[in-house]
Structure formats: C-alpha cells, structure tokens
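Undergrad: So the protein lines, in turn, are chains R and U.
Residue numbers for the first sequence follow the working numbering, beginning at 1 and rising by one.
Residue numbers for the second sequence follow the working numbering, beginning at 1001 and rising by one.
Simulated from the structure, these hints should not be mistaken for lab results.
Just so it is clear, CB atoms sit at the ideal spot from N, CA and C, and this is done for glycine as well.
Hints are not guaranteed to be accurate.
[What the hints assert, rightly or not] So the derived label-pair ranges between C-beta atoms look like this:
| hint | chain 1 | residue 1 | chain 2 | residue 2 | range |
| --- | --- | --- | --- | --- | --- |
| 1 | U | 1202 | R | 155 | 42 to 48 Å |
| 2 | U | 1305 | R | 144 | 39 to 45 Å |
| 3 | U | 1183 | R | 93 | 55 to 61 Å |
| 4 | R | 229 | U | 1170 | 40 to 46 Å |
| 5 | R | 113 | U | 1347 | 41 to 47 Å |
| 6 | U | 1204 | R | 132 | 54 to 60 Å |
| 7 | U | 1249 | R | 185 | 56 to 62 Å |
| 8 | R | 278 | U | 1204 | 28 to 34 Å |
| 9 | U | 1330 | R | 87 | 58 to 64 Å |
| 10 | U | 1122 | R | 113 | 26 to 32 Å |
| 11 | U | 1210 | R | 79 | 31 to 37 Å |
[To be verified] Derived list of chain U stretches under chain R, where covered just means 3 residues or more per stretch with a C-beta under 8 Å from a C-beta of chain R:
| hint | stretch |
| --- | --- |
| 12 | 1056–1069 |
| 13 | 1206–1215 |
| 14 | 1218–1228 |
| 15 | 1245–1257 |
[Claimed, not checked] Under 7 Å between C-beta atoms, here's a sample of chain U residues computed to sit facing chain R:
| hint | residue |
| --- | --- |
| 16 | 1181 |
| 17 | 1237 |
| 18 | 1268 |
| 19 | 1269 |
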Amino acid sequence: MLQLIWDGLFVGSFYALIALGYSMVYGIIKLLNFAHGDLYMLGAFIGFTTLTAMGGVTASMSIVALLITMMVSMLLTGGMGVFIERVAYRPLRNSPRLAVLITAVGASFTLEYSVAAIAGPNPRVFPIRLESDTLNFFGARITIAQLVLVGIAILLMVALNAYITRSSVGRAMRAIALDPKGALLMGINVNSVIARTFFIGSALAGAAGVMAGAYYGKIEFLMGFVIGLKAFTAAVIGGIGNIKGAMLGGMLLGLLEAFGSHFLGGEWRDVFTFSVLILFLSLKPTGILGERVTERV
Amino acid sequence: MKRPKMLVISLVAATALTLTGCSGGLLGGGSSDEDGPIKFGMLAPLTGSEAAVGPFMKNGAQMAVDEINEAGGVLGRQIELDVQDEACDPVAAVAAANKVVSNGAVVSVGGYCSGATLPTLPVFEKANIPMLIPAANSEDLVNEGLKNVFMVNATGSQQADAAAKYIEKVGAKNVAIIDDTTSYSTDIAKATAELLKEKGVEVQSSSVTPGESDYSSAVNKALSITPDFIYWTGYFQEGGLILNQVRQAGYTNPYMVGDGSVSPTLIEIAGADVAEGALATMTQTPDTIKGAEDWIANYTEQFGSEPGPYSTQSYDAVRIAAHAIEEAGSTDGDKIIEALEAIDGFEIFSGPLKFTDRHTLSVGGFQILVVENGAFVLKDNLQ
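Here chain U stands alone, though its shape is the one from the complex (with noise of 0.2 Å):
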C-alpha cells in the first residue's frame, strides 16, 4: 500500500514543480551560460480557438531566427525559438510563461490573444524579461506602463482610428457596433464609437456573449436603428455567425469587423456568398504589402503554405529583438530595453520603427480589406 501512495506524491510534487517553474533548476536546464545560444521565448495559440493562427506566428518568428543565424548570430552566438502553447487561455498563457523563463529566455516574441497576454506580463516583468508583443493589440497591455513592454502590432485605439477614417468615407450616418465583451473588443468598439459620435454619427453600441450559436436578439437590436454600416470587433466564430445572421435578416449595408476576424474561417462559417464584400480592418500582412513578394516566396518555399496572418509581426519581433540584443552588446534585460527605446529608423514590414513613450508604435499600418472571390484582399491603406 506504501509504495503507489509514494509513487502519486512524488509524481505531484514533480508537476507542482513543473508548472512552477522550478524544472530548470531542477534539471540543470537553464542556459544563463555565455557561450550557449540565445533564448527567444515565444507564447502563441497551438490549440485552443485561436489555434489556426499560432503557426504562422511560429514559422514568421523562425524564418527570422534562420536568416539571423545564418548570417552569424547575435553577439557571436546563435539564436533559439522556444515556442509554448497559450492556447488564448490566461492559465494556459501563465503557466507558458513561467515556463519560456525557467528556460532560460532573455527576451519574449510572442502574444496572441490580449486577454491571456495580460496575465504573463508580471511573469516577465519580475524576470527582467523585454517583451516584443506582435499580435496582441489591447491597450491594457501598455496603460500600466511596464517598462519591459513593447508593442510590435498596432494598439486597438489605431485600429478604431483606422474604422473611423473609413466609416466617415463612405459616409455612413447610423452605424451600429457590436463587440463580444471580451478587452481587445470592447477597446476597439468603444474608441471607435467615440470617434465617430464626435463627428456626429449615429452609434449604437451592443455586446454578445461570445460561444454561442444564437445571436438573433443582438442582430434585431443592431438592425432595429436600420444602420447603413455595422462593425463587429470581436473573434471570427461569432464574427461569422452574425454576418450569416444579419444578412439573413435582410440587412444588406457594408459589414466591417476587426482583425480578430479575419481569417478564411470567418468566410466558411458565414458561407461563401453571405460573407462576399465583408470588410475588415487589419493590420498588414504579407499579402497585402508592396515589395513583400520575395519574403512570401520564401515563407512558402520553407513551410509549404502561404504565410497568414501575423507571420509579418513575428518575423519583425524577432528581428527587432536581435538588432536590440545586439545594439545593447549584452543580454541583460535593462540593457536590451534602453537599446530597444532608442531604436530610430529600423526598417520593419509596417515602416520606419521608432517606438513611442508609452511602447507602442508611431507609425502604425492599419488597412481595410475587403473578402472578394472567398479570399480577403486589400480594398483601402488608407494613406
């Protein structure tokens, strides 16, 4: 009987360490040695709801570590992705994050979803770790000001300045918005309906609760001010069904939803020919920047796939990463971060880089795309 009981304490004792963040020490893995490559942690969605976008971001994230690599490292020494699951889940996410330190990372590329981002910011922040976010876009990330924290993507309030500017051009008068309760949403619906009533537009805003398959009250209640524009800034599942729900209701005005929707799912779960002339605000990805044909090229001849949707922002972060690492001459965290604010001109996919006092960037690249023959393509950059 001593024997099995022994045999679950120590296997609980050895996954309570493990989740802690105490297997590094444990098992000698740690590489705080000098000469050893550098650690890049990288949080991204493999499973979970978000799970189609996680490979890009790993793949854009890789092919920047290669190239760096292949032209002979960062400091004289190579470069390591380690990639965990956040699987857009807040225990998920932490638990990641503890374990990219006890791994040995000195800096992080990763961050999805904005609402399991959040958590791992004082998990990196005790380490001394610089974060370079590349998707997550809420401005909670950056209003409590840490020191360590980046922003690669540009913040939810650029994008509701991006939907304003193209409400305000087709002149829509009653525009109806609607967000899924969740921080990156409501962010952007809030801002954006701000924007919009200091120019005198007509806003209703509405919220759903995300993970079901009925909308029709939030779909009577937008239609019930017979809106000309609706914008939804929420995730593609619902993002679909409401698409598929509003025009079924006979709506048949421009639909604009937010970069957490796009994605070919979002056009499969509204059907082909419903979701036909849905725009989208997003931020750049490779297909609809000029001059990126030969990094597309490359991204596909590599991975087999043509690369989605935040590969850009990963592969930037990762660079990014190293021209700091490598500007600071060290790999000490306070270090990399002075090295990271002083950045001035770096060129990255979305423009010159210079980062502004709250971390984020000044020039950001939000765009409005536009679904054509079942495919988002570029409709607007709005310059």
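This is chain R alone, in the form it adopts within the complex (with noise of 0.2 Å):
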C-alpha cells in the first residue's frame, strides 16, 4: 500500500510540474496550451544535448551536471514558449478560441516533428542516470534518486507560488486572469506579463523533461503526447487556471493512476485516467480548487 502511495506520489509530481504550466497559461488568456507537453520533450533533448557536450565531466559530478544541465534546459524551453506565444498565439489573441486551439495544435507537432527530423525517430538514451541505494520505508522501496526529484520539484513548485503571490508581476498575473482590459488600462504591460507566464510555465516543463530523461534513461520525440494530455486532466482535476489546484490535481492523478493500474491491471490505466477527467468535466468542471466564474455582461 505504502509502495503504491509512494510511486504515486512520485509520478503525480512530474504531472504536477508540466500541469503548473498548462493552468498558468490557462488560467491568464483561457489558451489550452497542447504544445505545452512537447516542450517536456523539448526540454529533455536539449539536456541530452547538453550533457552530450559536457561530455566526460558528467560522469564525476552526476549531481552538479544535472542541475547545470537543467538550468541550461529551462532557460531554453523558457525561451522556446515565448517564441511560440509570440509566433502562434499572440496573433490569434483576439481570434475565436478554436482557432488559437488549432494553432496549439500546429504547434505541438512543429515541436514533434521537428525534433524527430533533428535527433533522428529513434529513441535515445541520456547520457548520466540517477542510480542509488534504495532505502526501506515500512516496507516500502524508496531510492534517494527519487526522494532528489520529488525534492527539486517541490522547490520549483514552492518558489513558483511565492513568486505569483509576492512578486508584482505575480500581481499582474493575477490581474490579467481576472480582467486582460482592465489591467491594461491601469498601466501593466499585458503582452509582457504573458510572455513571461510562458516562459515560467515552458521552463518548468524543461525541467521535468530533464527530470525524467535522467531517471527513466529514455527519451524520444512522442513523450510529450501522452504527458501533456495527462497534465491537462491534472489541471482540470485540481481546478484549471489554480496554481495549487494544479500542483494537486497532479498528485492526486498520479496516486489514481497508481491505484487504477494496480487493481484493474495495467492496460486499464490510461482508460482509468481519462474516464477521471470526462467525469470531472461533466460533474464538477471547475475542479477541487477551482472557483465557479460568474460571468458579468
């Protein structure tokens, strides 16, 4: 049971990293970002690449490369949504919803294809691997690479919200969420802020990609797809557009899908998943944490 919690809990917060960034953007300019997984995947061949370049370094300091490493690749997947905001969606912005939803899509397999045709179809394995003791917790197995990860995340997760509630530009987030005009008339740079809810939302998402490449050893140019689509039912499970909601609704996803696959069996898991998400929209749509909108006309 505590073995089950434990690898729930560990898979539900890589979700709840990539699903911090899909409620942000979500929750500023109502955009369901799909690209948001590929940059996951982004994030994990640009790691690739720059562990590749460090070359014999690596293998001395795991540790210290890594986060170098992450950094590297946060900075850059950051960089990439920006781009992608300002090329795909900032256009579009006062276009009808389904057409910035189209466009999400275009972008999503630009990013695919784009990196197959780079880096080749093929799988590839990451340079450095997190190997390490595995500790016995009543009965449970919990390795010290995963206690490191779930740790990095929850600094990430935990600095991200001190940001938006402190900072002004969190402010200012805040502001646009609730009203794009009314903001802009009181002086806040609006296209500004967006970019940057981009860039903190695709940076997170670089990181879980790096995250997951060094302990699975895996990656290839279609796992962002799946990732994404479950990030998006972590958001909307926690409550879309709210930063905790997110953070839950992927804890929560990864204990589901962990119990899911373990009592219905394994092929069951995805299908146990989604029925989540279709109950939650048809149910209780606006999540755990999420507050019912009363439109004002």
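Dock chain to chain to rebuild the complex, using the hints, since each chain is given by itself in its own frame.
TA: Below, the structure is given as structure tokens:
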C-alpha cells in the first residue's frame, strides 16, 4: 500500500510540474496550450544535447552536471515557450477560441517532428542516469534518486507559488487573469506579462523533461504527447487556472493511476485516468480547488 | 485570386492520386511489360520506432537480389528491389503497399511490424501478389487463411513453444508474463501462459501501455507473486525500461524478452550492467547460425556493418520468391502461389523449407540468447 502511494506521488510530481504551466497559461489567457507537453520533450532533448556536449565532466559529478543541464534546459525551453506564444498565439489573441486551439495543435506537431527531423526518430539513451541506494521505508522501496527528484519538483513549485503571490509580476498576472482590458487600463504591460507566464510554465516543463530523462534513461520525440494530456487532466482535476490546484491535481492523478493500474491492471491505466477526466468535466468542471466564475455582462 | 486556388486544387488532386496508387497509371511507370526487370516489393520500417531494423532487412534482401542477378536473373530477367517505408504504422504501411503494387511488383518480400503488416494483406490480396513475410510473426497474419500469405519467420506460437520449453528446462515455478497489448505481444504471452499452465506452472499475466516511462505499477504487480522467471513479450523500448525497473526493485531471477526486444538499444536503455545475463527468445540471426561465416563476411564487406536481425530472413524471402517464379515459369500470382506451395526441401537458413497448410514454416528455428559483455549471444538452441 505504502509502495503504491509513493509510486503515485513520484509520478504525480512530474504531472504536477507540467500541469502548472498548463494551468498558468489557461488561467491567464484561457488557452489550452497543447504544445506544452512537447516542451517537456524538448527539455529532455536539450538536456541530452547539453550533457553530450559536456562529455567526460558528467561522469565524476553527475548531480552538479544535472543541475547545470537543468538550468540550461529551463532557459531554452522557456525561450521556446515565449517564441511559440509570440508566433502562434499572440497574433490570434482576438480570434475565436477554436482558431487558437488549432494553432496550439499545430505548434505541438511542429515541435515533435522538428525534433524527430533533427535528432532522429529513434529513442535516445540519456548520457547520465541517476542511480542510487534504495531505502526501505516500512516495506516501501524508495530510492534516493526519487527523493532528490521529488525534492527538486517541490522546490520549484514552492518558488513559483511565492513568485505569483508575492511579486508585482505575480500580481499583474492575477490581474490579467481577472480582466485583461482592465489590467491594460491600469498600466500593466499585458504582452510582457503573458510572455513571462509562458517562460515560467515552459521552463518548468523543461525541468521535468530533464528529470524524466535522467531517471528513466530513455527519451524520444513523442514522449510529450501522453504526458501533456495527463497534465491537462491533472489541471482539470485540481481546478484549471488555479496554481495550487495544479499541484494537488498532479499528485492526485499520480495516486489514481497507481491505484487504478494496481487493481484493474496496467492496460486499464489510461482508460481509468481519462474516465476520471470525463467525470470531472461533466460533474465538477471547476475541479477541486476551482471557483465558479460568474460571467459579468 | 484564381491561380493560387487552382494550384491548391491540382496539388491536392495530385497528392490524392499518388496516395490511392494511381500514380503508376498517370505517369506511365508501371512495368507489366515482359522484358523489363521483375519487381520485388518490400515494406520495411525505415523511420519510426523500429527504424533500426529496416536497413538490415533491406540489405539482406539486396544481397540476395545481387547474387541472383549475377547468376543470370530469374526467367532470363533481372530482379529489382522496391523498398518502401512502413514506419511500423498501419496508415503508412497501407500507403506503402499501394505504392509497391502500383509500381508493378509481382511479389512482396517485406513486413516487419505485425500490426502494420495486417492491414496490407487485403491490398496485396486484391492485386493477387504473393507475400513472403520475413519478420512479422503474429498468428493473425495467417488466421484469415489468405492464399497469397506465406511466413518465412516462425510464428508467435512457435516462439511461445520455445519460451515454455526453456522456462520448463530451468525449472521455474512462478512465472510473470508481461505484454504490451499489441497483437504480436499478446499472441506470444497468451500462448506461453497456456503452455506453462498445462505443465502446472503458476503464471501471472499482466499488460502495460506502451509509450510511457513509468512502469512501477506493472513491476510491483509482477513482483507481488515473487516470480522466479519474468518473460516480457513486447518491444525493446519498454523492455529495457521494465528490465531496469525490476532490477531496481530488487528482482534477481532470470528476465527473458521476446524477439521484438532483441536490439542493442534494449541493453543501452536498461544500462549495460543491468542487462547482463538477460535472456531472449529469438529466431536465427546470422551470428547464431552455424556455417554462416561466409555470408556474414560478404554482408559486412558489402554494407560496412555486421548483419542484424531479420537480414537472413529477408535474404531467404527473396531467394524463395525467385525460386518459385523460376519454377512457375511465370510472374503470374496464382502460378507463383502454386509453386510456393509445392516447394519441398529448398535450403534456407532455418533448414529445409516446406510450407504447412497454413503457409507457415514446418521447421521453425527459435533459440535462446543471453546478454554477455553487452551483446546478445547464443545460449541454447533448444535442440
């Protein structure tokens, strides 16, 4: 039992990191960024390239190398997120919602197949792998690598939460989420704040990509697709647009999956996950922590 | 405004025609004439998740084609190999099959992923083109009883036989079998489980969804019965991850994979130390066949790399096809099929060839490999 809970929380922390970006973007401009999962994939590939470039240094100090790689990867995927927003979303900001949704799908495929064209379609093996001792915690196997990764994920999430609730940019973000035109009238540079939102969300996805690469050892160009959908599900469960909800939703989804596949069998894992998504959307579309938004006319 | 529109329409039309296989007729490229080269079509994964295997199949087939052409060809005509990408994807495979048919192939010597090869069967059947499938080995391929389908590779049930035989031999009593829900993988898993249960072995079957990274729930489930043997029947990407994850979880007993997982990438993904000692059920490859040294040397000289999986089967498929056409004295589909059914004792790598009533090999050659010093080597030929 404890093992199931730990496995669920571990996978859930990846979902939560990615769901944060989804949720932030949705909260601020009401856009489902389908390319978000692919930024996770891009992060993993940038990490791969960085580590390969660093070469022999990595073997002796793998944790330091991994942290540097994560920084590089976060900067670049963040930049890519801003670029996508500038090219594919901003020109369409006043168009019907459907148009933006379709460019999001387009951006997703562009990312996937650009990486496939450059790096090749075959899976790649990550140059360093986190291997560590196993702790036995009341019968559950917990590796130190897992603890480190969950620690990094929680650190990133706490930092993000502080940034949004304390800083002026965070306040601006929340203002735009409430009323973009009003925020503009109050002298907020809406475009720059939205770009910053994309940067942060994408950087978190990139960090998750590097972490997944280092832990599982295998990366491929389609790895972002399913996890993107799952992050979306996590965001919906927690209440899309709500930062704490995204974290909670990610963890909950991880647990749901762990228990679902334990009791129903591995082939039912995705059926179970996405049935929960449908249930939530039809019964409580605002999610657990979301509030009902009254549309003012 | 009018011109761009027209351009778009004609482009779409041209694409549609190409996709439906009409390009041959439009461009006049069909080669049904009697003195041009005889075309052998081949579908192989040149891109996609299994892209590593495509070149081996292509090179093996090309070697046979070159040898036959040097010796004067078939019916006095040269052979030409037409390789198209199936990408291990049903949609791409059907498009490729249509392309091969419209290019004027008289036989097909390809097919790697069972799931992608299945939907191409009706395409070749409609054109009455005999198929010699060198790699794909799902039972579903022959279950429909199509008369143009022949398998040069042993089937899933023959693989299951080999797996069960070996598991019994090492005396395992608690076996966990994991599949990846594809038709190829569940075939082997089910058949192996049945064989083992008949022999009184406890079997626990479970499935995973391919394409993910975290298989901890499958691993925990498999380990919950404290197995003394684990058999994974899917492809190498997940196979490597699961191997790594069961070892991390403290499992030390044998771990065996099916032929879809026999790839150097499996060892890389699992990690070289972790993969050491992993077993595999595998059809004969050049480096496990006695007396194939010359063949390997030729291959290496010609293509600059060692021959990989399914190169011999592809080589054999071409030779069988050429032999049948020669015997039939014609490139007509029905006559070639008759000649194929009549073959008895034609020497191929896996032994003397004779097709069963179901058009599968009567002598199937599965054997057990083991990872030693980071490479798959022969462990037991089960003879």
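Undergrad: Next, verify each hint and record whether it holds.
TA: Evaluation of the provided hints:
| no. | hint | verdict |
| --- | --- | --- |
| 1 | U:1202 x R:155: 42 to 48 Å | 45 Å, holds |
| 2 | U:1305 x R:144: 39 to 45 Å | 40 Å, holds |
| 3 | U:1183 x R:93: 55 to 61 Å | 46 Å, violated |
| 4 | R:229 x U:1170: 40 to 46 Å | 42 Å, holds |
| 5 | R:113 x U:1347: 41 to 47 Å | 45 Å, holds |
| 6 | U:1204 x R:132: 54 to 60 Å | 29 Å, violated |
| 7 | U:1249 x R:185: 56 to 62 Å | 58 Å, holds |
| 8 | R:278 x U:1204: 28 to 34 Å | 31 Å, holds |
| 9 | U:1330 x R:87: 58 to 64 Å | 59 Å, holds |
| 10 | U:1122 x R:113: 26 to 32 Å | 29 Å, holds |
| 11 | U:1210 x R:79: 31 to 37 Å | 32 Å, holds |
| 12 | 1056–1069 | violated (count 0) |
| 13 | 1206–1215 | holds (count 9) |
| 14 | 1218–1228 | holds (count 3) |
| 15 | 1245–1257 | holds (count 3) |
| 16 | 1181 | 5 Å, holds |
| 17 | 1237 | 5 Å, holds |
| 18 | 1268 | 4 Å, holds |
| 19 | 1269 | 5 Å, holds |
Checked against the numbered hints above, the structure breaks hints 3, 6 and 12 and satisfies the rest.
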